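Colleague: Chain residues, written in single-letter form:
There are 2 protein chains.
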Amino acid sequence: MSATGIYTAEIIPEPQEPLDSPEAMERRLRWIGATRYHSLHPFHHLLHGGKLNKGQVQAWALNRYAYQSIIPIKDAVVLSRFRDRETRLEWRHRIEDHDGIAGDEGGIERWLVLTDGLGLSRDYVESTRGILPATRFAVEAYVHFVRDRSPLEAIASSLTELFAPNIHRERIAGMLKHYDFINPDVMVYFSRRLNQATRDAEFALKYCLEHAKTPEQRQQVCDALAFKTDVLWVQQDALYQAYVNGMVPPGAFVPGRDG
Amino acid sequence: MSATGIYTAEIIPEPQEPLDSPEAMERRLRWIGATRYHSLHPFHHLLHGGKLNKGQVQAWALNRYAYQSIIPIKDAVVLSRFRDRETRLEWRHRIEDHDGIAGDEGGIERWLVLTDGLGLSRDYVESTRGILPATRFAVEAYVHFVRDRSPLEAIASSLTELFAPNIHRERIAGMLKHYDFINPDVMVYFSRRLNQATRDAEFALKYCLEHAKTPEQRQQVCDALAFKTDVLWVQQDALYQAYVNGMVPPGAFVPGRDG
Chain A
1 MSATGIYTAE IIPEPQEPLD SPEAMERRLR WIGATRYHSL HPFHHLLHGG KLNKGQVQAW
61 ALNRYAYQSI IPIKDAVVLS RFRDRETRLE WRHRIEDHDG IAGDEGGIER WLVLTDGLGL
121 SRDYVESTRG ILPATRFAVE AYVHFVRDRS PLEAIASSLT ELFAPNIHRE RIAGMLKHYD
181 FINPDVMVYF SRRLNQATRD AEFALKYCLE HAKTPEQRQQ VCDALAFKTD VLWVQQDALY
241 QAYVNGMVPP GAFVPGRDG
Chain B
1 MSATGIYTAE IIPEPQEPLD SPEAMERRLR WIGATRYHSL HPFHHLLHGG KLNKGQVQAW
61 ALNRYAYQSI IPIKDAVVLS RFRDRETRLE WRHRIEDHDG IAGDEGGIER WLVLTDGLGL
121 SRDYVESTRG ILPATRFAVE AYVHFVRDRS PLEAIASSLT ELFAPNIHRE RIAGMLKHYD
181 FINPDVMVYF SRRLNQATRD AEFALKYCLE HAKTPEQRQQ VCDALAFKTD VLWVQQDALY
241 QAYVNGMVPP GAFVPGRDG
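Residue numbers (the UniProt record's numbering), protein chains in the order written: chain A, 1 to 259; chain B, 1 to 259.
Read the hints as simulated data drawn from the structure, not as lab findings. Incorrect hints may appear among the rest.
Same chains, same names: a pair is fine if it fits in one copy or spans any two.
Pairs of lysine to any residue, SDA-like flavour, derived with a Cα cap of 25 Å [claimed, not checked]:
(1) Lys51 with Tyr7
(2) Lys213 with Phe145
(3) Lys51 with Val244
(4) Lys206 with Arg88
(5) Lys54 with Ile6
Bear in mind that the values here come from a model prediction, so they are computed numbers and not experimental data.
Assemble the whole structure, with the sequences as input and the hints as a guide.
Modeller: See the structure below:
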């Protein structure tokens with residue numbers, strides 16, 4: 001909470017520098033991450049600090065599954081926006097990372113190992129019928145965004161991965177330390193994403209630095225990243241409201257009753 | 001809060017009756033309204049009961065503007081789904097109700113009279129730059145829904161208007177009674193909607209009762225209404241989390257600082 005009684009994420013004044021170079025754009029992108037990435041959300045501090053009970057961790061994993069499961073669909077839409085084979089080839093491995101290939105189960109399957117470990121049934125998780133409506137609207141907004149905006153903005157919206165490795169490291173360490181219902185086997189999703197996210201973020205950043213050639217295009221790249229931080233933030237906010245404040249919307253997962 | 005410490009909206013067991021007649025469908029629709037309509041949300045009780053301060057009422061009006069302002073866009077998409085002139089003619093008056101015609105300012109303009117009265121600048125309100133990200137995702141989900149689903153589901157998603165007149169009456173009486181910054185002039189939006197919503201709801205209900213001919217189609221109608229109650233509920237939830245719990249997301253309206 002700030003002095004005014006209103007919580008806001010870390011407030012660092014927005015740089016006033018014009019976006020007249022790739023370097024200026026990269027500084028702005030890193031400022032957006034430093035002030036809006038969901039690692040700043042109180043729900044993450046509770047999760048990583050061992051302050052949640054098992055039902056609350058179930059709710060988090062259940063809702064986050066809905067996000068994970070839409071990523072290959074989102075990436076297929078991104079891929080479909082590019083006429084050049086090279087970009088399509090580069091992007092295709094993201095679908096493989098999530099959906100798997102022969103001999104590798106992929107990220108979605110690894111996420112189900114986590115929800116299995118938390119005692120949720122696969123049928124319930126995969127149906128997504130218990131997820132929060134805000135989760136559903138946020139993840140669908142991501143698919144609509146990459147379909148409706150320019151190909152440059154579609155790629156730029158993935159730039160949150162620049163900030164992911166830190167949160168994954170914190171999460172692995174914090175959850176293993178604090179929760180007796182979490183063990184290394186169910187955290188494989190995160191350990192695998194450490195390398196994937198770094199590689200993906202490097203490609204996307206390089207692409208945006210090269211292809212955003214005007215101040216207007218650089219602003220679009222920054223706005224796309226801000227949009228994506230909203231997609232992630234809304235999910236944390238909705239979890240907090242439902243499972244920390246205890247105001248579960250009609251039809252959503254109730255720990256101990258559903259799952 | 002229920003005995004388990006988890007708040008949920010009014011719980012009335014779902015009727016197990018199969019949807020094999022229009023009457024059974026209407027009963028199910030009324031059950032959905034009775035258990036999921038946003039009049040059940042604690043934020044509404046605070047608003048109508050005079051428990052909010054001016055900044056919180058500003059936040060509500062600002063976010064609700066974003067919903068109002070997308071309605072004629074949503075209705076234009078619905079209209080575009082119909083090949084028959086009759087349904088298009090019937091639906092067109094909804095766009096007029098919101099956007100106005102010569103000599104009648106329309107619903108969006110009447111909403112701006114309310115935000116004017118609350119001391120928010122039109123530029124700030126119309127830009128929607130201070131709205132909650134959950135509001136944006138929810139109202140955009142409504143537009144995507146009426147574009148991507150069947151024409152029957154597009155019409156069915158408007159059925160929340162069946163339940164609107166009561167909430168409008170409560171709101172007019174409660175807000176005039178409790179808030180010295182609210183007067184009848186700024187509440188004209190709601191007094192006008194009382195008649196419009198009743199007429200619109202009657203058409204939409206009649207349409208769905210006639211055109212949903214199979215149990216599957218009747219289920220789609222019910223699901224469309226449930227979807228729409230989620231669109232409204234998410235907005236109340238996000239307002240509660242930001243302005244009652246005091247966790248304002250990055251970039252969103254801060255009372256006293258923005259507006």
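Colleague: What are the numbers of the hints the structure violates, in ascending order?
Modeller: No numbers; nothing is violated.
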